[in-house]
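Enquirer: Each chain is listed here by its residues.
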Amino acid sequence: MATDIATPTPEQVGEHQHLQLADRIWLHRAMLLMRGIEERAMSLYRQGKVPGSFYDGFGQEAVSAGAAFAMSPEDRLCILHRDLAAHIIRGVTPTRILSQYMGRAGGVTAGRDGNVHFGDRQLGCVGMVSMLPDMMLVATGMAMAFKLRGEARCALTWFGDGSTSRGDFHEAMNWAGVQKLPVVFVLENNQYAYSTPLDKQFAVDPVERAAAYGFAGVTVDGNDVEAMFDAAREARERAVSGGGPTLIEAVTMRMHGHAAHDDMKYVPREQVEEWKLRDPIDRQEKRLRGLGVDVGALRAEVTAEIDAAAAEALAGPMPSPESALDGVFCAGESEPLGDGQAPWSGFSRPRGDR
Amino acid sequence: MATDIATPTPEQVGEHQHLQLADRIWLHRAMLLMRGIEERAMSLYRQGKVPGSFYDGFGQEAVSAGAAFAMSPEDRLCILHRDLAAHIIRGVTPTRILSQYMGRAGGVTAGRDGNVHFGDRQLGCVGMVSMLPDMMLVATGMAMAFKLRGEARCALTWFGDGSTSRGDFHEAMNWAGVQKLPVVFVLENNQYAYSTPLDKQFAVDPVERAAAYGFAGVTVDGNDVEAMFDAAREARERAVSGGGPTLIEAVTMRMHGHAAHDDMKYVPREQVEEWKLRDPIDRQEKRLRGLGVDVGALRAEVTAEIDAAAAEALAGPMPSPESALDGVFCAGESEPLGDGQAPWSGFSRPRGDR
Amino acid sequence: MATMTYLQAISSALRDELRADERVLVMGEDIGVFGGAFKVTDGFIDEFGSDRVMDTPLAESAIIGCAVGAAVVGLRPVCEMQFADFISCGFDQLVNVAGKMHYRQGLAVPITVRLPSGGGFSGGPFHSQNPEALFMHSPGIKVVAPSTAQDAKGLLHAAIHDPNPVCFMEHKHLYRRVKGDVPDGVYETPFTARVARPGSDLVVICYGAMVDVALSATEDLDGASIEVLDLRSLVPLDEEAILDAVARCSKVVVVDEANLTCAAGAQVAALIAEKGFEDLDGPVVRVASPDVPIPFSPPLEAAVLPGVDRVKEACRELLAY
Amino acid sequence: MATMTYLQAISSALRDELRADERVLVMGEDIGVFGGAFKVTDGFIDEFGSDRVMDTPLAESAIIGCAVGAAVVGLRPVCEMQFADFISCGFDQLVNVAGKMHYRQGLAVPITVRLPSGGGFSGGPFHSQNPEALFMHSPGIKVVAPSTAQDAKGLLHAAIHDPNPVCFMEHKHLYRRVKGDVPDGVYETPFTARVARPGSDLVVICYGAMVDVALSATEDLDGASIEVLDLRSLVPLDEEAILDAVARCSKVVVVDEANLTCAAGAQVAALIAEKGFEDLDGPVVRVASPDVPIPFSPPLEAAVLPGVDRVKEACRELLAY
Ligand SMILES: Cc1ncc(C[n+]2csc(CCOP(=O)(O)OP(=O)(O)O)c2C)c(N)n1
Ligand SMILES: Cc1ncc(C[n+]2csc(CCOP(=O)(O)OP(=O)(O)O)c2C)c(N)n1
Ligand SMILES: [Mg+2]
Ligand SMILES: [Mg+2]
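Chains as they are written, first to last, in the working numbering: chain A, 13 to 366; chain B, 13 to 366; chain C, 11 to 331; chain D, 11 to 331.
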């Protein structure tokens, strides 16, 4: 077990009111898997094994991991393009993710859609469309159904700072506010929309807008996975108890280019350097080390899992050309979204003592 | 000159810092013309002389009259469906307006578009499309051009409370805020969107949103034409001097149905009764009486003008069927909008002493 | 059996669905308290409440997008566009979110979008549009367009039962002008074409409001035997019925009210030119609105919309070919 | 004369216009500092500044709507959609505000909308669309779709000079794959069709990326003399050139990359079936993408997009007819 000087004491780290040690490790694992899978995918992309383009969420792992971890099996998610950890937490395996990137038959969309454009309907997720932030309205509609049926469930979706400029952001925020819906909006403020800096996108931080729609807006350190969890857990509590929507602004930084081709020339080097110091994985790892967790072993485990997944995915077949024309329409009965995995121990504890 | 007990003294009315007596009379005339023309159009509609449907702005005359009166010839307007007085102030004659309603060749769109869907390009106006509030973006774009060219001009448009729910409202507000454009947005809060009351449209009064877009939002008594003028004049000053956009919320009441067919059953009678007492024309008339103006003569004048206009319009021909296919595309050179009429005496005075 | 107007048939289908299936809700602008711009849902809110007869904000993108969300968690939303023209504001959610969902993810989106469409009453450029071709060109969306009261009810039932997004083109001009006997209770009209009148010399292929136009234009056309094929469904398009009619009649006039270029009629004509070529005894003649916005003033609108005379003339010329 | 790629030709046209006419500005997402997703405006911001090479918020409706506003007060905006697919989010402003303005009010709207379109590189359902037919069906919008570097420049100049809204369909797959000699300076390519290769046995009518496909598919097809007609402009559609080619060749294959139903090819085929019928020696054969979203994975995408083999096969069958 690593114990360098930087390692805090358990007392310094402290207990977490809602997260048991296993939960805190799960969060870390999800982030490690996200980063590891995306790094692997990137190298597969460089080898020409990932068609099209490739997007990742390097440096933003805490945003999706923390928020998704607070969601119950019956909750519904629309996961965006920087949020791989959310898929992992809901139960999508590394093999299926890597197969998805490579357009293989074993991918979540079986090659129909690409890279991050997927969601496993069996796990309660609606895959994103490219048009941003269209999924905000889908999440709003799911929440509307929950409220109409009187169910204690919520819908959650992510979207970027740039996406807030589009009309659908407004229509969703307004509708959710008017109907006081159980929906959680996570604004992933990673400082850029492709190459566009914040000041070209809005004159005022969009989190300020939540109040003008009649609901809560909170700003969170998007690079602290436990802070993200706390914010999402509270937002969910508010949602399922009839308190209405929450806009969570997760402040983070996109540490890679918009996509594989983007050299990020437009980003000042200092800005990147500064954010490197706030890497969400390093921060959680430090916490865990302080709690006596063998983080090295954890990393090794995750790497091994990804190696195996990559091998399995690479061995998988491409979809058959004949299948290209199938499934434009649903032929049988429509089947709603299924429930996802929800590892947080809180869901196995009575609500009072979460 | 009428001098009933209700008539205030000139002292009680007081001077207006920016409006000379002739201006105050002009404002009243514009409102009288709007109401008179719309009432005439409604009776023509009942006689089957106005095809399609018919919309009016009964009770809201001050909103368009006051705001348009503050605009200079070089300013550009997108006038909406409750804002007939703005067309009158820009210089569209009653005859052309009534011809427009009746789909005659002499109408502003020569029968191509109907009722309130018009704007005289020679007078600096872009006619509205039905899709609300699309014109907010057109106004924003005009303001963008003014700023890019360094011109001291502004663009102004109106839109209703219901229209604020649509994405284009947001995209326009955000864009105008980011680029700090010389645009004036007049939110015409007439308590209803067709049959939909405010609480079904938004959880928070949209004027509150202006701040979240980085510019000024003010609420004005939309039934006081001089208050509307003041707000628009200030907004225009701000705009042309580089101060950016303004959202003016004009609080008023739609005293008629959404359109001719609407019996307004969904509106509580008391609400209508209450607003009757705040009729914008009565209020301005009282002011003018206090200032010794012969308002009776003014009314008579306006009625005569409308009678003549109606007769002329009714004598005008319908468009020829052959013309139906012309003009989908511009064949010659494109010609930008021309300048409108701007009766306010302020524009003939040095800027300092407006 | 009851005699109903086209509009009453639509109301009746909605009412039956709301009674029969608690997953069904109707949502749109002014459809609740006011009962809808055309009163299709008049009185519904009293029977079903404001949750299931939902007055929404003025936001078409949200109406479609929220319906999609509600549908994928088990509801059966029926959205009303106040006028079909306004779907332009919800176009992206319809074609990119709803239309492509099942192909991409195997996730069904059972929503119905009611689109009061068409001209003929001086609605002008923004209250007279026939946007069906836009949806036909967007994979994953079914499109139906009834011409009779009976089909209006049956197709709406089928649309709501369908696990896919369905655009229900209801023609405003037919609302109160078309009456007919309508079976009681819930029944489904298949998404196939219907022979409105059998014939052998020439077939007029049409749908929606143009079916009446075609029938009266060809009722007694110099004694010729003229078939009128009512497509009823545009997606799926009943290619078999179309080609069968062509085989029997050998001469074809395709009529639609929408603007000519790339309209539904263009697809029908192209289909015939490719797969019915050998059966043709003359050009595939088209009648449609020319490529102009639908003007407001009666003489202009009349000059643009396909009417009885234009259809008559087209048939006469082709018969003489 | 200089040899340029299709992409360089587009850049060159934009640069020339920005230099020649101060009313011209380009606006879009990431086109300034970054130079555009495809680098079409690379370096422009340094020469022309951020006012005329404007990085906009992520808001397509606003991009089109603000361009309309700027145009009616005298500017000549050229909008870039980052991908053609995203026009769905600005669809309403384009078809209802820009497209119908001149007919309704005699007010010209000189805007150009650049739409990087088409598939072939695993872009998936939302980065491969060919939406041109949607604009063809919407009155008041011109639509051009160059297939060569020379036409890319000439058509873009003509589009920017045109007093009407013009959708400029630039095919992403041609950006760097197509090279050609391009005249120096500003010149206009007319909105008419072009005979890419003359022939007499059969004509393949196509546009955009399908022109190359057609040319290579028919380069040496069992010695047959095959004409390839490059439409170049879809609105206006060069009916004369189409009918002339049909008259000369008597057999027609219409190819477009867009989804089959109600595509540009449907309009072309319908036109021929109506006005070129007597010249036809066989069915009007169509080759297009079937009605499915364009899939991501290479084997699936290849199965959907029209390729050389499918065009060859279609021509062979028709020649044998
Ligand atoms: C409606 C729409 N327009 C344009 C694009 C192209 N695009 C893809 S990602 C992106 C930037 C998004 O920025 P942001 O919302 O901040 O998300 P981030 O990628 O930074 O997480 C753009 C412009 C898109 N996906 N959707
Ligand atoms: C995008 C769009 N959807 C629907 C309509 C139909 N419609 C016409 S007016 C109206 C209500 C508008 O309310 P508001 O914005 O408050 O303006 P008001 O009529 O009250 O002045 C509606 C729903 C429309 N014109 N545009
Ligand atoms: Mg961002
Ligand atoms: Mg209102």
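No lab work stands behind these hints: they were computed from the structure.
All C-beta atoms, glycine included, are put in the ideal place defined by N, C-alpha and C.
Certain hints may be false.
Stated by the list, open to error - Dumping the calculated DSBU-like pairs for lysine-lysine here, alpha-carbon to alpha-carbon at most 35 angstroms:
{"#": "1", "chain 1": "D", "residue 1": "285", "chain 2": "A", "residue 2": "277"}
{"#": "2", "chain 1": "B", "residue 1": "159", "chain 2": "B", "residue 2": "192"}
{"#": "3", "chain 1": "D", "residue 1": "189", "chain 2": "D", "residue 2": "322"}
{"#": "4", "chain 1": "B", "residue 1": "61", "chain 2": "C", "residue 2": "49"}
{"#": "5", "chain 1": "A", "residue 1": "192", "chain 2": "A", "residue 2": "159"}
{"#": "6", "chain 1": "C", "residue 1": "49", "chain 2": "C", "residue 2": "189"}
{"#": "7", "chain 1": "A", "residue 1": "61", "chain 2": "D", "residue 2": "189"}
{"#": "8", "chain 1": "D", "residue 1": "285", "chain 2": "A", "residue 2": "61"}
{"#": "9", "chain 1": "D", "residue 1": "189", "chain 2": "C", "residue 2": "322"}
{"#": "10", "chain 1": "A", "residue 1": "192", "chain 2": "B", "residue 2": "192"}
{"#": "11", "chain 1": "B", "residue 1": "159", "chain 2": "D", "residue 2": "49"}
{"#": "12", "chain 1": "B", "residue 1": "61", "chain 2": "C", "residue 2": "189"}
{"#": "13", "chain 1": "C", "residue 1": "285", "chain 2": "D", "residue 2": "285"}
{"#": "14", "chain 1": "B", "residue 1": "61", "chain 2": "A", "residue 2": "277"}
{"#": "15", "chain 1": "B", "residue 1": "159", "chain 2": "A", "residue 2": "159"}
{"#": "16", "chain 1": "C", "residue 1": "49", "chain 2": "B", "residue 2": "277"}
{"#": "17", "chain 1": "A", "residue 1": "288", "chain 2": "D", "residue 2": "49"}
{"#": "18", "chain 1": "B", "residue 1": "277", "chain 2": "B", "residue 2": "288"}
{"#": "19", "chain 1": "D", "residue 1": "49", "chain 2": "A", "residue 2": "192"}
{"#": "20", "chain 1": "B", "residue 1": "192", "chain 2": "A", "residue 2": "288"}
To be verified - These stretches of chain D come out as covered by chain A in the derived footprint (C-beta under 8 angstroms, 3 or more residues):
{"#": "21", "stretch": "34 to 44"}
{"#": "22", "stretch": "65 to 78"}
{"#": "23", "stretch": "93 to 101"}
{"#": "24", "stretch": "124 to 133"}
{"#": "25", "stretch": "303 to 310"}
Enquirer: Run every hint past the structure and note whether it holds.
Expert: Do the hints match the structure? See the list:
{"no.": "1", "hint": "D:285 - A:277", "verdict": "56 angstroms, violated"}
{"no.": "2", "hint": "B:159 - B:192", "verdict": "9 angstroms, holds"}
{"no.": "3", "hint": "D:189 - D:322", "verdict": "24 angstroms, holds"}
{"no.": "4", "hint": "B:61 - C:49", "verdict": "25 angstroms, holds"}
{"no.": "5", "hint": "A:192 - A:159", "verdict": "9 angstroms, holds"}
{"no.": "6", "hint": "C:49 - C:189", "verdict": "17 angstroms, holds"}
{"no.": "7", "hint": "A:61 - D:189", "verdict": "28 angstroms, holds"}
{"no.": "8", "hint": "D:285 - A:61", "verdict": "50 angstroms, violated"}
{"no.": "9", "hint": "D:189 - C:322", "verdict": "52 angstroms, violated"}
{"no.": "10", "hint": "A:192 - B:192", "verdict": "32 angstroms, holds"}
{"no.": "11", "hint": "B:159 - D:49", "verdict": "27 angstroms, holds"}
{"no.": "12", "hint": "B:61 - C:189", "verdict": "28 angstroms, holds"}
{"no.": "13", "hint": "C:285 - D:285", "verdict": "18 angstroms, holds"}
{"no.": "14", "hint": "B:61 - A:277", "verdict": "65 angstroms, violated"}
{"no.": "15", "hint": "B:159 - A:159", "verdict": "46 angstroms, violated"}
{"no.": "16", "hint": "C:49 - B:277", "verdict": "14 angstroms, holds"}
{"no.": "17", "hint": "A:288 - D:49", "verdict": "29 angstroms, holds"}
{"no.": "18", "hint": "B:277 - B:288", "verdict": "17 angstroms, holds"}
{"no.": "19", "hint": "D:49 - A:192", "verdict": "44 angstroms, violated"}
{"no.": "20", "hint": "B:192 - A:288", "verdict": "34 angstroms, holds"}
{"no.": "21", "hint": "34 to 44", "verdict": "holds (count 4)"}
{"no.": "22", "hint": "65 to 78", "verdict": "holds (count 8)"}
{"no.": "23", "hint": "93 to 101", "verdict": "holds (count 5)"}
{"no.": "24", "hint": "124 to 133", "verdict": "holds (count 3)"}
{"no.": "25", "hint": "303 to 310", "verdict": "holds (count 7)"}
This entry does not satisfy hints 1, 8, 9, 14, 15, 19, going by the numbered hints stated previously.
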